[in-house]
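Number of protein chains: 2
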Amino acid sequence: MIRKNQHGSRFSPHRPSKPGLPQDSKPANKQNASGSDRLEQLIQKATNLTSSLPTSRYTASRQNLRIIPMGGIEEVGENMTVLEYGDDLIVIDMGLAFPDDTMPGVDYIIPDTKWLEQNKRRIRGVIITHGHLDHIGAVPYILPKLGDPPVYTMALTAGFIKKRLEEFGLVGRSRINVLTKDDTLALGSFKIRFFRLNHSIPDSVGLSITTPVGQVVYATDWKFDHTPADGKPTEFDKIAKFGAEGVLLLMSDSTNSVKPGYCISERELGITIDRTFSEIKGRIIFANFATSISRIQQVFNAAAKYNRKIIVTGRSMVNNIEIALSLGYLKIQPKIVIKSEQAKKYPDNQIVVLTTGSQGEDAAGLARIARGDHKTIKIKKGDTAIVSASPIPGNERAVAAVLSNLTRLGAHVIYNKTLDIHTSGHAHQEELKLMIALTKPKFFMPIHGEHHMIVTHAELGKTMGIPEQNIFSLDNGQILEINSAREAKSVEDPKISSGYVFIDGLGVGDVGEVVIRDRQVMAQDGMFVIIVTLDRRAGKLINQPDIISRGFIYMKGNDDLIREVKHEVRKLVESKGKEKLEPNWAFLRNIIRDEIGEYLYQKTERRPMVLPVIIEV
Amino acid sequence: MIRKNQHGSRFSPHRPSKPGLPQDSKPANKQNASGSDRLEQLIQKATNLTSSLPTSRYTASRQNLRIIPMGGIEEVGENMTVLEYGDDLIVIDMGLAFPDDTMPGVDYIIPDTKWLEQNKRRIRGVIITHGHLDHIGAVPYILPKLGDPPVYTMALTAGFIKKRLEEFGLVGRSRINVLTKDDTLALGSFKIRFFRLNHSIPDSVGLSITTPVGQVVYATDWKFDHTPADGKPTEFDKIAKFGAEGVLLLMSDSTNSVKPGYCISERELGITIDRTFSEIKGRIIFANFATSISRIQQVFNAAAKYNRKIIVTGRSMVNNIEIALSLGYLKIQPKIVIKSEQAKKYPDNQIVVLTTGSQGEDAAGLARIARGDHKTIKIKKGDTAIVSASPIPGNERAVAAVLSNLTRLGAHVIYNKTLDIHTSGHAHQEELKLMIALTKPKFFMPIHGEHHMIVTHAELGKTMGIPEQNIFSLDNGQILEINSAREAKSVEDPKISSGYVFIDGLGVGDVGEVVIRDRQVMAQDGMFVIIVTLDRRAGKLINQPDIISRGFIYMKGNDDLIREVKHEVRKLVESKGKEKLEPNWAFLRNIIRDEIGEYLYQKTERRPMVLPVIIEV
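Keeping their order, the protein sequence lines are chains R and H. Just so we're aligned, residue 13 is where the first sequence starts under our numbering, counting upward by one. Just so we're aligned, residue 13 is where the second sequence starts under our numbering, counting upward by one.
Okay, chain R solo, but in the shape it has when bound (with noise of 0.2 angstroms):
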């Protein structure tokens, strides 16, 4: 009566899994397929791609610019993209993703570079927009792997790159250029002139990227802030003469795209900050994003009105902050920052607690102080926590467990829903449409964002006028191709590859889909191992058979059910296993997979992974 799988269980295989594997365009194929059916569908697709080539008016070529998304088009995060003209290639970013519930045990996604890496040599530079992980966070992975190329980004960005190839000990291989948002790049057959955008970092810019078909806008996460904290605004003026310098193509962040209006600005927020300052009585505990340099700076200011010192906790939220600081984007109060020793000599509305964790993730500095377990900070009556982020979609239960542990210790808490406590760095509808009014461009691509984000900004080109094949929806790997006519065409290149790659662990890219999907049914319903000892020349059964089982039942209490098993096993090994059909016995370890794991079904109606191990004496 009840079915796997039917009432919201997590491991519903919901985001199309597509390690190492190029993409089927249809949903259907993508969610069902098993794996012998997928090779099938991609063998055949690789042949009908021949046959689908551009024939008509449109011809590839050597002499177009090719638009190569490697990530973040289906997903927010892994944002990584390429262009190419003639020999020449330059990357933009190189971000990572976090996995969702069906890939357990995987510690990040990034894209996969294997195509690249192949044409590393005509790689002329790497381009960072802005110091975020889902576009710095795989820089120490792919960077080695394409040879080391030379890096240009803004001067947070660099520090912040810098840092963490220091942490992987690769410090000194890439040249990591540290340009102004004046100076103009050339690469090969790019022309890079930048842009402010705000965002909730500093040091963000936007390209413009002058290729020999036309100019490329690139407006990676951005979003229109008047009064950002920092003061220092979008640069209207030079988007605008980018726009009437006309702009072939434009691609722009899609993450808020189905929000109507316009994202609260940084300095509003700043409001918000300074008022609940005002108001609390005791501890402060504010949990954020180490890398939003602006918050943390807006959180200093509220500080030091109120006459409180902080307390900086979290490895990464120390190491920003140091960053931040050395390379001047953060202005701090002398002696405003004190080690969690000192807190003893403040009362308790001298203190404020700065500290990662606001995706409730278990390690961070937020869940350690919820669970009791940080080691200088413990929650106690009176202490207000405000989490100043919005969940990642797929932390909400995490940000809720952890809000429920610090309110059980009896902290109060502020978040998202009980008040404006946070601002998205994101684009909403109403900027969306200025950026694409004042770049006026061609060609329309919307990028970072997940399937329907994409759609829904695309939709919103079309409002502001641009004609609907001019705007392209693409998915990771697909690639956008002008050609010198202006004539722009998506097309796919079996030679580029456009999966995920997992890193777990010390590994990167050795759990694929197979150890996943075998994760994802031993998470279900457990695994299930017989041995079975044989005689080698009489094939008969020494031993009774033996049961080794985890995460399928209660093995004590259900001794009735494992003695009836090995009796239904040693029938098959006396009817089936009496010659060795096939070596390593795999007819008998079939017939055993099969039956047992059908009368386990017949049993339990719950499917454990089946193991038949033959042993030969």
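Errors might be hidden in some of the hints.
Because identical chains share one entry, a pair is satisfied inside a single copy or across any pair of copies.
[Claimed, not checked] As a list, the in silico DSS-like pairs of lysine-lysine whose alpha-carbon atoms are at most 27 angstroms apart:
#, residue 1, residue 2
1, Lys583, Lys244
2, Lys271, Lys429
3, Lys393, Lys445
4, Lys203, Lys193
5, Lys588, Lys174
6, Lys126, Lys615
7, Lys357, Lys126
8, Lys126, Lys429
9, Lys501, Lys392
10, Lys157, Lys429
11, Lys392, Lys568
12, Lys393, Lys454
13, Lys578, Lys203
14, Lys253, Lys588
15, Lys474, Lys351
These aren't lab readings, by the way, just hints derived from the structure by calculation.
Guided by the hints, dock chain H onto chain R, whose structure is given.
Okay, now just chain H, sitting in the frame of chain R:
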């Protein structure tokens, strides 16, 4: 450098797991203690309890009223409360909850009712407040274990319960008594009166329970809606009258206690639905909860107005519409419902598909349509899919994946972020305050929600003038005891277990903490079985050790690692396996588990479940 669980891994223990085990009071202990640690704490706690029992002016007695929450105050779902006075017990609601991502493979969670089973002869009746699964879902699991006590509820709820019992082959065992909201029910020492509340399902009632120590008002899931879809608003007059009589204790819904202001009316939402229908040119695919009869009514109204026929799909949607229709809770136009085969006869702008799956559930209508494997409904360009629900926390990514798949097939999508196409059934802060103002309770106990929601609701109570010591933010299994002098105290009773019972396939309660933990470990890093075949007498290896591993690493690409492990195992057996020190080779098995586990961690930074098996021949 990269550690497990550090960055948003889904298997973090962010919810205390507690099947079958009562709760510790500190989150720190809850989350970190290993099985044996927890057992120790429990023993300690049981010992402490006797000494910490009320000593001063408070006397435990059978003449006390005891409020025993079995579920629903540490989570959204599995709502169930028991009231005890003298020899009498009454039960309110029997709900289920959906598992979170720390409970892989679990279908549902229901409250642990062991204590109630032992006291079943004292149960005077079961009262069900409304027909949602988090209030009736556990009925077929629990009712038979309690000796099929009589159930009392309103007509629509009774219809839903009967259907559910029918699905489990349990019809006719418990008597399902249909009452009206103006009936008075006497069950032992309790007199129960009802008052109509608004919620997203008709026939939702609150309870006034007169007990020998005073009146308890039980406000289950509710909102105040002055213009509900069925035109039947909350009975404010009754609530005010109960308030005037004197309310000893108010128990009230905390689901939206973090949300400021008022919840928008179902009628206002109807206007949005109407406008949306008026604007859409193609087919409409409308997904919502199958139990949201009011929302379904509004869809029928809008469809009729704009001359559209309705195709109903999804088993529970079909069932519930049938029940609501037969009982007169849904008024629909003749011939408006058509079979999907008839759809061809109508142009697209005359079709609405009403479907389940608004939570992104894999097996429900909308996900099947979005994957392209629904039997009769195929998405085409021009279709508009409307998801009229908020994702239950934890379902966000599943919903987003369904939206992306729909857009991939060419549909336009409308959901709660793009338009206010959903309103909650739960009161916001201003409504919650009004309930307190109307009932003026002496004691207040927030129910239905995660702990931080409960606490936020408690804080609202304080702002309304209820003294802090009269407000009880409890955990499941903690008991609120009120004596005849109208003094209240939270107590614990070691006899009353408050754990979760997991339902997985056919099994109820046979998946416990150990099984779940094993699933988590295997999901995280897989498993690694080492089979050592020993000569019984000589204690020597007969074969090369066998390795069976799944979910750990791609075996084919890692021959070297496997070879090295076999070598290590051989060394261990040769040095430690000489004598069979303990039965079943426990010593040797432990050594292999620890050493090889560590070896694998050094090589991979993963910790698969290592399972050594010794086969004696």
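Output the numbers, in ascending order, of every earlier hint that fails for this structure.
-> Those not satisfied are hints 1, 5, 7, 8, 10, 11, 13, 14, 15.
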